[in-house]
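Participant: Sequence:
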Amino acid sequence: MTSSNAPFLEKAAYIDAVRILQDTEPLPPVEPPPALKPPVSAPTTASTTASIDLDSIGEAEARRIVSEEHRALGYRPPDGPLAAQAQAAAARHPKGSLIPPNEKALVEAAEADAIRVAGEQGGQPTYSMQHITVPGQTRLLSAAETVRIDIRGVGKDEANRIMSEEHSELGYRPPAGSLAAEAQSAAVHHPQGEPGVPHPDTITLVEAAREDAQRVAAEREPDTVPSINIHTITKEEAQLLESLEHKFLGYTPPSGSLAAQAQASVARRGAQPVTKELAAFLYSEEHRTLGYEPPAGNIAVIAQSLADQNAADGGSRTLSDVGV
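For the sequence shown, our numbering begins at 1 and goes up steadily by one.
Treat the hints with care, since some could be wrong.
What the hints assert, rightly or not - In silico BS3-like links for lysine-lysine, alpha-carbon gap of 30 Å or less: (1) K247 <-> K235; (2) K95 <-> K247; (3) K235 <-> K276; (4) K247 <-> K11.
What the hints assert, rightly or not - FRET-style restraints, in silico, Cβ to Cβ: (5) H70 <-> S305: 54 to 62 Å; (6) S284 <-> E236: 20 to 28 Å; (7) R71 <-> E236: 45 to 53 Å; (8) T275 <-> Q87: 47 to 55 Å; (9) H70 <-> R288: 36 to 44 Å; (10) T289 <-> A267: 17 to 25 Å; (11) G315 <-> E236: 17 to 25 Å; (12) R317 <-> A60: 52 to 60 Å; (13) A91 <-> R317: 50 to 58 Å; (14) A60 <-> S305: 51 to 59 Å; (15) R76 <-> T289: 39 to 47 Å; (16) N160 <-> Q272: 19 to 27 Å; (17) R173 <-> L290: 21 to 29 Å.
These are calculated hints, taken from the structure and not from any lab test. It should be emphasised that the depicted structure is a prediction, and the values quoted were computed from it without experimental measurement. Just so you know, even glycine gets a beta-carbon here, dropped at the ideal spot from N, CA and C.
Put together the whole structure using the sequences plus the hints.
Facilitator: Rendered as C-alpha coordinates:
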(Lines of atoms letter the chains of each structure in order from A; the text may use other names.)
(Lines give C-alpha, C1' and ligand atoms only; values in the text may rest on other atoms or scores of the structure.)
Protein backbone atom coordinates (compact mmCIF):
# COMPACT_ATOMS: atom_id res chain seq x y z
CA MET A 1 0.00 0.00 0.00
CA THR A 2 1.65 3.17 -1.20
CA SER A 3 1.12 6.79 -2.19
CA SER A 4 2.80 9.25 -4.52
CA ASN A 5 5.18 10.15 -1.66
CA ALA A 6 7.12 6.87 -1.84
CA PRO A 7 9.95 7.97 -4.20
CA PHE A 8 10.78 11.05 -2.11
CA LEU A 9 10.90 9.72 1.45
CA GLU A 10 14.67 9.25 1.81
CA LYS A 11 15.62 12.61 0.33
CA ALA A 12 12.93 14.38 2.37
CA ALA A 13 14.12 12.72 5.58
CA TYR A 14 17.71 13.77 4.92
CA ILE A 15 16.93 17.42 4.18
CA ASP A 16 14.59 17.75 7.17
CA ALA A 17 17.26 16.20 9.41
CA VAL A 18 19.77 18.78 8.16
CA ARG A 19 17.27 21.55 8.91
CA ILE A 20 16.90 20.31 12.49
CA LEU A 21 20.63 19.78 12.99
CA GLN A 22 21.69 23.20 11.78
CA ASP A 23 20.79 24.74 15.16
CA THR A 24 22.41 21.93 17.12
CA GLU A 25 25.90 22.38 18.63
CA PRO A 26 27.96 20.38 18.08
CA LEU A 27 26.53 19.01 14.85
CA PRO A 28 26.23 15.21 14.88
CA PRO A 29 27.61 13.46 11.78
CA VAL A 30 25.14 13.22 8.94
CA GLU A 31 25.37 10.63 6.21
CA PRO A 32 25.65 11.89 2.61
CA PRO A 33 22.29 12.64 0.97
CA PRO A 34 20.72 10.08 -1.32
CA ALA A 35 21.58 10.74 -4.95
CA LEU A 36 18.88 12.31 -7.06
CA LYS A 37 18.96 13.44 -10.65
CA PRO A 38 18.69 17.25 -10.59
CA PRO A 39 15.62 18.60 -12.33
CA VAL A 40 15.99 20.80 -15.37
CA SER A 41 15.39 24.38 -14.24
CA ALA A 42 13.60 26.91 -16.40
CA PRO A 43 15.47 30.18 -17.15
CA THR A 44 14.98 32.87 -14.52
CA THR A 45 13.09 35.95 -15.74
CA ALA A 46 11.95 39.23 -14.21
CA SER A 47 8.80 37.50 -13.00
CA THR A 48 10.90 35.29 -10.75
CA THR A 49 10.21 35.96 -7.10
CA ALA A 50 13.18 35.51 -4.75
CA SER A 51 13.01 31.96 -3.42
CA ILE A 52 15.71 31.19 -0.85
CA ASP A 53 15.21 28.98 2.19
CA LEU A 54 16.02 31.30 5.10
CA ASP A 55 16.88 28.27 7.23
CA SER A 56 19.93 27.79 5.00
CA ILE A 57 21.22 31.36 5.38
CA GLY A 58 24.26 32.11 7.57
CA GLU A 59 26.23 35.32 8.07
CA ALA A 60 28.27 34.87 4.88
CA GLU A 61 25.18 34.30 2.72
CA ALA A 62 23.32 37.20 4.36
CA ARG A 63 26.22 39.59 3.67
CA ARG A 64 26.27 38.55 0.01
CA ILE A 65 22.50 39.06 -0.37
CA VAL A 66 22.66 42.51 1.29
CA SER A 67 25.58 43.50 -0.94
CA GLU A 68 23.90 42.35 -4.16
CA GLU A 69 20.54 43.89 -3.32
CA HIS A 70 22.21 47.15 -2.23
CA ARG A 71 24.11 47.26 -5.51
CA ALA A 72 20.99 46.56 -7.55
CA LEU A 73 18.81 49.12 -5.78
CA GLY A 74 21.47 51.83 -5.45
CA TYR A 75 20.60 52.23 -1.77
CA ARG A 76 20.50 50.06 1.35
CA PRO A 77 17.56 47.63 1.23
CA PRO A 78 14.72 48.73 3.55
CA ASP A 79 13.15 46.60 6.26
CA GLY A 80 11.01 43.76 4.89
CA PRO A 81 12.84 42.69 1.69
CA LEU A 82 14.93 39.57 1.38
CA ALA A 83 18.14 41.24 2.54
CA ALA A 84 16.63 42.19 5.90
CA GLN A 85 15.05 38.76 6.33
CA ALA A 86 18.38 37.10 5.53
CA GLN A 87 20.16 39.15 8.17
CA ALA A 88 17.54 38.19 10.76
CA ALA A 89 17.90 34.52 9.81
CA ALA A 90 21.70 34.71 10.05
CA ALA A 91 21.41 36.11 13.57
CA ARG A 92 19.59 32.92 14.56
CA HIS A 93 22.09 30.56 12.89
CA PRO A 94 25.32 32.39 11.94
CA LYS A 95 26.90 29.31 10.37
CA GLY A 96 23.94 28.67 8.12
CA SER A 97 23.09 25.19 6.90
CA LEU A 98 24.99 22.05 6.03
CA ILE A 99 23.51 22.59 2.55
CA PRO A 100 23.85 26.34 1.87
CA PRO A 101 22.44 27.91 -1.30
CA ASN A 102 25.00 28.25 -4.07
CA GLU A 103 26.45 31.56 -5.24
CA LYS A 104 24.21 31.86 -8.28
CA ALA A 105 21.08 31.25 -6.21
CA LEU A 106 22.02 34.02 -3.76
CA VAL A 107 22.65 36.55 -6.53
CA GLU A 108 19.47 35.60 -8.38
CA ALA A 109 17.39 35.91 -5.22
CA ALA A 110 18.90 39.32 -4.35
CA GLU A 111 18.36 40.61 -7.89
CA ALA A 112 14.79 39.35 -8.08
CA ASP A 113 13.93 40.95 -4.76
CA ALA A 114 15.60 44.21 -5.79
CA ILE A 115 13.39 44.32 -8.89
CA ARG A 116 10.33 43.76 -6.70
CA VAL A 117 11.32 46.49 -4.20
CA ALA A 118 12.19 48.98 -6.94
CA GLY A 119 8.95 48.23 -8.78
CA GLU A 120 6.84 48.79 -5.66
CA GLN A 121 8.49 52.20 -5.31
CA GLY A 122 7.81 53.07 -8.93
CA GLY A 123 11.40 52.71 -10.12
CA GLN A 124 13.87 50.32 -11.64
CA PRO A 125 17.10 48.74 -10.32
CA THR A 126 20.17 50.90 -10.97
CA TYR A 127 22.52 48.36 -12.55
CA SER A 128 22.50 45.65 -15.19
CA MET A 129 21.43 42.34 -13.69
CA GLN A 130 23.73 39.33 -13.90
CA HIS A 131 21.00 36.69 -13.94
CA ILE A 132 17.61 38.41 -14.14
CA THR A 133 16.08 39.88 -17.31
CA VAL A 134 14.26 43.18 -16.62
CA PRO A 135 11.59 44.12 -19.17
CA GLY A 136 10.66 47.77 -19.92
CA GLN A 137 8.86 49.45 -17.04
CA THR A 138 6.99 46.33 -15.94
CA ARG A 139 6.58 46.09 -12.18
CA LEU A 140 7.36 42.70 -10.69
CA LEU A 141 4.20 41.19 -9.24
CA SER A 142 4.17 39.99 -5.66
CA ALA A 143 3.30 36.36 -4.96
CA ALA A 144 -0.17 37.45 -3.81
CA GLU A 145 -0.80 39.42 -7.01
CA THR A 146 0.41 36.52 -9.12
CA VAL A 147 -2.22 34.20 -7.63
CA ARG A 148 -4.87 36.94 -7.53
CA ILE A 149 -5.15 37.30 -3.74
CA ASP A 150 -5.90 40.72 -2.23
CA ILE A 151 -3.37 40.70 0.60
CA ARG A 152 -5.26 43.49 2.35
CA GLY A 153 -8.02 41.04 3.22
CA VAL A 154 -5.63 38.53 4.75
CA GLY A 155 -5.57 38.39 8.53
CA LYS A 156 -3.96 36.00 10.99
CA ASP A 157 -6.41 33.15 10.35
CA GLU A 158 -6.04 33.37 6.58
CA ALA A 159 -2.25 33.66 6.84
CA ASN A 160 -2.08 30.55 9.02
CA ARG A 161 -4.25 28.63 6.56
CA ILE A 162 -2.04 29.64 3.63
CA MET A 163 1.12 28.73 5.56
CA SER A 164 -0.28 25.33 6.55
CA GLU A 165 -1.43 24.49 3.03
CA GLU A 166 1.71 25.71 1.25
CA HIS A 167 3.94 24.00 3.84
CA SER A 168 2.07 20.75 3.31
CA GLU A 169 2.24 21.10 -0.47
CA LEU A 170 5.98 21.85 -0.52
CA GLY A 171 7.05 19.53 2.28
CA TYR A 172 9.13 22.32 3.82
CA ARG A 173 8.49 25.77 5.26
CA PRO A 174 7.64 28.25 2.47
CA PRO A 175 10.61 30.58 1.87
CA ALA A 176 10.86 34.36 1.66
CA GLY A 177 8.99 35.59 -1.40
CA SER A 178 6.30 32.93 -1.14
CA LEU A 179 2.61 33.68 -0.74
CA ALA A 180 2.74 32.22 2.77
CA ALA A 181 5.59 34.55 3.78
CA GLU A 182 3.79 37.58 2.33
CA ALA A 183 0.58 36.60 4.12
CA GLN A 184 2.37 36.21 7.47
CA SER A 185 3.96 39.64 7.04
CA ALA A 186 0.62 41.23 6.11
CA ALA A 187 -1.14 39.65 9.09
CA VAL A 188 1.35 41.28 11.46
CA HIS A 189 0.12 44.69 10.27
CA HIS A 190 -3.58 43.80 10.19
CA PRO A 191 -4.36 40.61 12.22
CA GLN A 192 -8.07 40.83 11.29
CA GLY A 193 -7.47 42.05 7.74
CA GLU A 194 -7.94 45.65 6.66
CA PRO A 195 -11.40 47.04 7.56
CA GLY A 196 -13.84 46.89 4.67
CA VAL A 197 -11.75 44.49 2.59
CA PRO A 198 -13.38 41.07 2.03
CA HIS A 199 -11.55 38.02 3.38
CA PRO A 200 -10.63 35.43 0.72
CA ASP A 201 -12.67 32.26 1.20
CA THR A 202 -11.07 28.95 2.17
CA ILE A 203 -11.21 27.38 -1.29
CA THR A 204 -9.56 30.45 -2.83
CA LEU A 205 -6.82 30.39 -0.19
CA VAL A 206 -6.11 26.68 -0.68
CA GLU A 207 -5.98 26.98 -4.46
CA ALA A 208 -3.73 30.04 -4.25
CA ALA A 209 -1.38 28.34 -1.79
CA ARG A 210 -1.07 25.30 -4.03
CA GLU A 211 -0.46 27.42 -7.13
CA ASP A 212 2.24 29.38 -5.34
CA ALA A 213 3.80 26.19 -3.98
CA GLN A 214 4.19 24.94 -7.55
CA ARG A 215 5.98 28.18 -8.47
CA VAL A 216 8.27 28.00 -5.45
CA ALA A 217 9.09 24.34 -6.07
CA ALA A 218 9.98 25.07 -9.70
CA GLU A 219 12.46 27.74 -8.61
CA ARG A 220 14.15 25.75 -5.86
CA GLU A 221 17.64 24.31 -6.05
CA PRO A 222 17.83 20.52 -6.68
CA ASP A 223 19.25 19.92 -3.19
CA THR A 224 16.12 21.15 -1.41
CA VAL A 225 13.53 18.89 0.13
CA PRO A 226 11.14 17.12 -2.27
CA SER A 227 7.43 17.62 -1.78
CA ILE A 228 5.83 15.25 0.72
CA ASN A 229 2.05 15.39 0.91
CA ILE A 230 1.28 14.55 4.53
CA HIS A 231 -2.43 14.31 3.64
CA THR A 232 -1.86 11.17 1.56
CA ILE A 233 1.22 9.59 3.13
CA THR A 234 0.49 6.03 4.29
CA LYS A 235 1.18 4.60 7.73
CA GLU A 236 4.01 2.44 6.34
CA GLU A 237 5.57 5.42 4.55
CA ALA A 238 5.30 7.59 7.66
CA GLN A 239 7.07 4.91 9.68
CA LEU A 240 9.81 4.64 7.06
CA LEU A 241 10.18 8.43 7.00
CA GLU A 242 10.59 8.47 10.79
CA SER A 243 13.12 5.63 10.63
CA LEU A 244 15.17 7.40 7.96
CA GLU A 245 15.08 10.74 9.74
CA HIS A 246 16.05 9.02 12.99
CA LYS A 247 19.05 7.49 11.18
CA PHE A 248 20.17 10.85 9.79
CA LEU A 249 19.63 12.72 13.08
CA GLY A 250 20.98 10.07 15.41
CA TYR A 251 17.94 10.49 17.66
CA THR A 252 14.13 10.44 17.48
CA PRO A 253 12.79 13.24 15.25
CA PRO A 254 11.34 16.00 17.46
CA SER A 255 7.90 17.59 17.27
CA GLY A 256 7.77 19.89 14.27
CA SER A 257 9.88 17.55 12.16
CA LEU A 258 8.52 16.23 8.87
CA ALA A 259 8.42 12.74 10.37
CA ALA A 260 6.37 13.93 13.35
CA GLN A 261 3.95 15.80 11.08
CA ALA A 262 3.50 12.70 8.94
CA GLN A 263 2.81 10.49 11.96
CA ALA A 264 0.29 12.99 13.32
CA SER A 265 -1.46 13.22 9.95
CA VAL A 266 -1.77 9.43 9.71
CA ALA A 267 -3.16 9.27 13.26
CA ARG A 268 -5.76 11.99 12.62
CA ARG A 269 -6.85 10.46 9.34
CA GLY A 270 -7.02 6.96 10.82
CA ALA A 271 -9.30 8.06 13.63
CA GLN A 272 -12.21 8.94 11.34
CA PRO A 273 -14.45 6.64 9.30
CA VAL A 274 -13.75 6.85 5.57
CA THR A 275 -16.47 8.89 3.88
CA LYS A 276 -17.10 9.55 0.21
CA GLU A 277 -15.75 13.07 0.76
CA LEU A 278 -12.46 11.87 2.30
CA ALA A 279 -12.01 9.27 -0.45
CA ALA A 280 -12.65 11.88 -3.14
CA PHE A 281 -10.14 14.24 -1.54
CA LEU A 282 -7.42 11.57 -1.37
CA TYR A 283 -8.12 10.48 -4.95
CA SER A 284 -7.91 14.06 -6.20
CA GLU A 285 -4.62 14.65 -4.35
CA GLU A 286 -3.00 11.47 -5.68
CA HIS A 287 -4.27 11.97 -9.24
CA ARG A 288 -2.92 15.54 -9.25
CA THR A 289 0.50 14.46 -8.00
CA LEU A 290 0.87 11.33 -10.10
CA GLY A 291 -0.58 12.82 -13.26
CA TYR A 292 -2.63 9.69 -13.90
CA GLU A 293 -5.28 7.52 -12.24
CA PRO A 294 -4.00 6.07 -8.93
CA PRO A 295 -3.19 2.37 -9.38
CA ALA A 296 -4.41 -0.57 -7.33
CA GLY A 297 -2.83 -0.57 -3.87
CA ASN A 298 -2.69 3.23 -3.76
CA ILE A 299 -4.16 4.86 -0.66
CA ALA A 300 -6.77 6.64 -2.80
CA VAL A 301 -8.06 3.39 -4.29
CA ILE A 302 -8.18 1.74 -0.87
CA ALA A 303 -10.08 4.73 0.55
CA GLN A 304 -12.64 4.55 -2.24
CA SER A 305 -13.29 0.89 -1.52
CA LEU A 306 -13.75 1.56 2.21
CA ALA A 307 -16.02 4.52 1.52
CA ASP A 308 -18.23 2.38 -0.74
CA GLN A 309 -18.50 -0.32 1.93
CA ASN A 310 -19.33 2.22 4.65
CA ALA A 311 -21.98 3.85 2.45
CA ALA A 312 -23.51 0.46 1.63
CA ASP A 313 -23.89 -0.90 5.16
CA GLY A 314 -23.54 2.19 7.39
CA GLY A 315 -20.20 0.95 8.68
CA SER A 316 -17.42 3.01 10.21
CA ARG A 317 -14.33 1.44 8.63
CA THR A 318 -11.16 3.52 8.87
CA LEU A 319 -7.89 3.51 6.98
CA SER A 320 -6.15 2.42 10.18
CA ASP A 321 -8.31 -0.74 10.17
CA VAL A 322 -6.46 -1.86 7.04
CA GLY A 323 -3.05 -0.58 8.11
CA VAL A 324 -3.09 2.60 6.03
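Participant: All hints are to be evaluated individually against the structure, with a verdict given for each.
Facilitator: Here is what the structure says about each hint:
no.	hint	verdict
1	K247 <-> K235	holds, 18 Å
2	K95 <-> K247	holds, 23 Å
3	K235 <-> K276	holds, 20 Å
4	K247 <-> K11	holds, 12 Å
5	H70 <-> S305: 54 to 62 Å	holds, 59 Å
6	S284 <-> E236: 20 to 28 Å	holds, 22 Å
7	R71 <-> E236: 45 to 53 Å	holds, 51 Å
8	T275 <-> Q87: 47 to 55 Å	holds, 48 Å
9	H70 <-> R288: 36 to 44 Å	holds, 41 Å
10	T289 <-> A267: 17 to 25 Å	holds, 22 Å
11	G315 <-> E236: 17 to 25 Å	holds, 23 Å
12	R317 <-> A60: 52 to 60 Å	holds, 55 Å
13	A91 <-> R317: 50 to 58 Å	holds, 51 Å
14	A60 <-> S305: 51 to 59 Å	holds, 54 Å
15	R76 <-> T289: 39 to 47 Å	holds, 43 Å
16	N160 <-> Q272: 19 to 27 Å	holds, 22 Å
17	R173 <-> L290: 21 to 29 Å	holds, 25 Å
Comparing the model with each numbered hint stated earlier shows that all of them hold.
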